[in-house]
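Engineer: Heads up, the sequence shown stops at 676 in the numbering used here, and the numbers go up one at a time, no gaps.
None of these hints come from the bench; they were simulated from the model.
Treat the hints loosely; a few may be bogus.
As the list claims (entries may be wrong) - Under the rule of at most 25 Å between Cα atoms (straight-line distance), these lysine-lysine pairs were calculated in the PhoX-like manner: (1) LYS567 <-> LYS583; (2) LYS583 <-> LYS571; (3) LYS578 <-> LYS567.
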Amino acid sequence: TVFLERCAGGAPCDDDRLTRLCAVDPAPPWSVLAITFTNRAANELKARLEQMLGPAARDIWASTFHSACLRILRREIDRLGFSRSFTIYDDDDSVHVIKDVLKELNLDDKLYPPKTVLGYISRAKDAMQDPEQFSNTLSASGDFRLRSIARIYESYQRRLREADALDFDDLIYCTVLLLQKHEDVRRRYQNQFRYVLVDEYQDTNRLQ
469 TVFLERCAGG APCDDDRLTR LCAVDPAPPW SVLAITFTNR AANELKARLE
519 QMLGPAARDI WASTFHSACL RILRREIDRL GFSRSFTIYD DDDSVHVIKD
569 VLKELNLDDK LYPPKTVLGY ISRAKDAMQD PEQFSNTLSA SGDFRLRSIA
619 RIYESYQRRL READALDFDD LIYCTVLLLQ KHEDVRRRYQ NQFRYVLVDE
669 YQDTNRLQ
């Protein structure tokens with residue numbers, strides 16, 4: 469203990485002795501999950517890890533929330549009724565679908581701006597509410613506009629499913645749903661990832 473305290477205080481140390489005292493078995497790279505918010509940060513993290521660890525770093529899951537969830541879903545999403553080759557809709561695709569739904573429901577896009585509607589849908593998914601659950605939370609509400617948004621949400625999700633597509637929120641929402649509903653899948657990833665790092669954890673939302 470005295471030796472380690474001296475080393476920690478900046479005194480000259482026997483490096484070999486220090487290594488013997490402090491060394492632990494390294495974590496297998498595949499057991500590490502490192503999550504960050506942007507692709508740029510994830511790529512920088514991967515590059516640094518590879519500089520330190522060499523090719524073994526490629527087995528570490530270092531990615532954004534969406535990329536990690538996508539990797540899981542490409543393997544497991546058939547449990548939720550989608551194909552593993554599902555399409556991912558970007559923001560423009562989602563806006564286009566909302567516009568089509570508004571026409572289908574004969575609703576004015578000036579009263580229901582597509583991006584505003586998508587904001588409500590995103591918050592519903594963050595609260596783990598599917599269209600039916602979202603509608604049920606409004607059952608006692610006299611707000612006609614919110615009830616119309618619930619109808620839009622239902623039609624929007626139906627169109628995505630018919631197209632075998634997920635939006636960005638669905639990537640995380642469906643992964644959470646998958647882990648909640650299927651114990652064997654949940655246990656597989658619980659057993660795999662023994663070390664989990666989430667960068668800027670305080671900025672995560674409920675769904676993340």
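Engineer: Run the structure past the numbered hints and jot down the numbers of the failing ones, going up.
Structural biologist: Result: no hint breaks.
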